[in-house]
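With these hints in hand, go ahead and build the complete structure from the sequences.
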Amino acid sequence: MRSKIDKTLLIVILLAFLVSIYLIFQWVPQIKASNPAEQIAQRIFYFHVPSAWLGFLAFFVVFGGSVAYLATRDRKYELISVASAEIGVLFITLVLITGPIWAKPVWGIWWTWDVRLTSSLILWLIYVAFLMLRRYLPDGSKRANLSAVVGIIGFIDVPIVYYSIRWWETQHPQAVMASSDGSLAAPMFFTFMFSLATFTLLYVYLIRKRYQLLALEDILNKQFKEMEIL
Amino acid sequence: MSVPALEIIGVSKDFGRIIALRSVTFSVQSGEFVSILGRNGAGKTTLLNIISGVSRPSEGSVQLFGTDPNDRVNKAKLALISHEMFLYGNLTALENLEYYSRIYNVQDAQERIETVLNNVELTHRRFDLVATYSRGMTQRLTIARALLHGPSLLLLDEPFTGLDQHAIGMLITLLKKQKELGRTILLTTHDLHTAAELSDRYLVISKHKIVKDGLISETNPDEIREAFFSSETEESNP
Amino acid sequence: MMRAAISILKKDLRMEFRSKESILAMWIFSLLIFVIFNFTFEVSRLVMLEIAPGLLWVAFVFSGMFGLNQSFSLEKENGNLRAMALMPVDGGQIYVGKFLSVTIIMLMFEALIFPIFIIFYDLQLSVGMFMLIPVLLAGTIGFTSLGTILSAVAVHTRNQQILLSLLLWPLVSPIIIWSVTLTGMVLSGEVTDAFYPLLLRVGAFDVIFFTLSYMLFDFILED
Chain A
1 MRSKIDKTLL IVILLAFLVS IYLIFQWVPQ IKASNPAEQI AQRIFYFHVP
51 SAWLGFLAFF VVFGGSVAYL ATRDRKYELI SVASAEIGVL FITLVLITGP
101 IWAKPVWGIW WTWDVRLTSS LILWLIYVAF LMLRRYLPDG SKRANLSAVV
151 GIIGFIDVPI VYYSIRWWET QHPQAVMASS DGSLAAPMFF TFMFSLATFT
201 LLYVYLIRKR YQLLALEDIL NKQFKEMEIL
Chain B
1 MSVPALEIIG VSKDFGRIIA LRSVTFSVQS GEFVSILGRN GAGKTTLLNI
51 ISGVSRPSEG SVQLFGTDPN DRVNKAKLAL ISHEMFLYGN LTALENLEYY
101 SRIYNVQDAQ ERIETVLNNV ELTHRRFDLV ATYSRGMTQR LTIARALLHG
151 PSLLLLDEPF TGLDQHAIGM LITLLKKQKE LGRTILLTTH DLHTAAELSD
201 RYLVISKHKI VKDGLISETN PDEIREAFFS SETEESNP
Chain C
1 MMRAAISILK KDLRMEFRSK ESILAMWIFS LLIFVIFNFT FEVSRLVMLE
51 IAPGLLWVAF VFSGMFGLNQ SFSLEKENGN LRAMALMPVD GGQIYVGKFL
101 SVTIIMLMFE ALIFPIFIIF YDLQLSVGMF MLIPVLLAGT IGFTSLGTIL
151 SAVAVHTRNQ QILLSLLLWP LVSPIIIWSV TLTGMVLSGE VTDAFYPLLL
201 RVGAFDVIFF TLSYMLFDFI LED
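Residue numbers (my numbering), protein chains in the order written: chain A, 1 to 230; chain B, 1 to 238; chain C, 1 to 223.
Do not take every clue at face value.
Stated by the list, open to error - Below, in silico cross-link-like pairs of lysine-lysine (BS3-like), each with a Cα-Cα straight-line distance of 30 Å or less: (1) B:Lys207 / A:Lys225; (2) A:Lys222 / B:Lys176; (3) B:Lys209 / A:Lys76; (4) C:Lys76 / A:Lys142.
Said to hold, decoys possible - Only some residues are given here: those of chain C computed to face chain B with a beta carbon under 10 Å: (5) Lys10; (6) Glu75; (7) Glu77; (8) Asn78; (9) Gly79; (10) Gln160; (11) Ile162; (12) Leu166; (13) Leu221; (14) Asp223.
Keep in mind the hints are simulated off the structure, nothing from the lab. For each residue, glycine too, the CB sits at the ideal point set by N, CA and C.
Set out below in structure tokens:
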């Protein structure tokens, strides 16, 4: 049953990706830009922004999982948090990579301390700290408690961090990444939403798989203990 | 029948890869002295952690004097003595005890402090920093600290390990005194002889379960030794 | 009600005043930062005035982390964290006690290093300097309210210092951003209308994370 859902998901995702690529690189009209490099680079927007949204969603799931864990002490919520944190790091890393790729042709610089990139960097650092904390602790309820606390505190801080950097930006104007979500022409909007949907499905698939793997490891470990292999 | 001091029903500690206890059930009446025997890693320390409220069981229930171990009233009645000192090296013995007397809201604190210091024969060193104490002395002070608030339930985790003879003798005397006062005592140990000497009852934990629960008086020493060692050999012969 | 928190505070302060370990190390560490900065960044006096607030807070945060590590190391040392889990005291009370001791020690360190800062960078003292007091107070409290709980988390690992830095720096960045701006306003004498709203934000941060930490601390103590 479970693997049927996963198989279906995988096929849907692959198809969606193919469609997305077509939409992004063939279908959506060229933007008016000063140089061809910029025109191509702009298409990164369709990867960059959805990745950022999903990174944030993943962090929200870490928060939700952490709260659920502390309320119930149920291992599965801890595993959901961890799985989501790992995938979140993945997505945010994508943001941090696509950002400079976009910026260079458009602005001539690799990095800008604008609010989105900077907040993404800080979000990335918080996730990484969360995962490193877990790495340096032995498995058990203590580690689950501590990482849940960090998951909660981290998430509550993220909007504050964003807000403070945005304020800082008004004091120190930066080269801003083209925001583009303000007024998107219809085909662009459609392409963006399609890409977002594809990425979301990818997130769901990845977190399911990761969670299943973690849960399976638990079951195996228990079996081995019962059989006294460990 | 009055409320038992300790009631554990179906307690398991089973989290992720860690299995520490499996379906442990027993109860202890007030005033009983129970020894808990078992190999390292069998689950003794986890059991004490759960009884004291420091750890939560994955399954099952624990009740101390009829209520949750984490109840403030229960925590005030409890003391744990383990290899951890629970003392601050940078403070004097007196300062350490004064700190704990405030935390535990000990009545007639100065008197109590004097009494416990006397009992562990550390009165002459009370103004010295704990960092200057020898190992044996810190162990005695740890015991004094535990008894300071007059706990009704005493938990001891391998208290004799690493103690010098003098301290062992002192601890045995103190424990006998506590028993006379009607305190409930749970002691984990490897030392079968002392266990037999001090306790009324014993439990053997093996592979995270209780495998034997008997009265010292009704069991001859060889049987106890056998129960203990067979649990050991079982574990080394998979 | 606050009895336990006050007892913990007193105990920590007594230990610190006896050894002066924390304050001394924090002070020297900041001193070193100031000295090295002088050699690594050759800037004109004008630019220096712009950078000074940032430098001050960088020094505070680095030294502050040392103080936080110290505070919980002492607890970890003799199993005192478990002793705290056993006490008939709410986790929140224990948090308040540790928070207060860390904050007071850090404020004392700040008072002692600030004159050095003024002297090294030849900054003009003026009456307006008193505005710095609420700025340092609010900023420090923001730092220690988060720092206390994160330090309690980090102390369970074998690389407590690295993990505390990793956890604390990103989370405390809003405090740094706002405090540097506020400090800059006071030092340059240009306290604009933005000052009070900004200070309020720092205050809000303090309240949010103090409350959050107070509520979550019990989970840190549990095994």
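Outcome of the hint check:
1. B:Lys207 / A:Lys225: Holds, at roughly 10 Å.
2. A:Lys222 / B:Lys176: Violated, at about 42 Å.
3. B:Lys209 / A:Lys76: 25 Å, holds
4. C:Lys76 / A:Lys142: 15 Å, holds
5. Lys10: 8 Å, holds
6. Glu75: The hint holds - C:Glu75 has a Cβ within 10 Å of chain B, the shortest such distance being about 9 Å.
7. Glu77: 7 Å, holds
8. Asn78: 4 Å, holds
9. Gly79: Because about 3 Å separates C:Gly79 from the closest Cβ in chain B, which is inside the 10 Å limit, the hint holds.
10. Gln160: 18 Å, violated
11. Ile162: 24 Å, violated
12. Leu166: 23 Å, violated
13. Leu221: Check passed: Cβ of C:Leu221 comes within 8 Å of chain B, closer than 10 Å.
14. Asp223: 4 Å, holds
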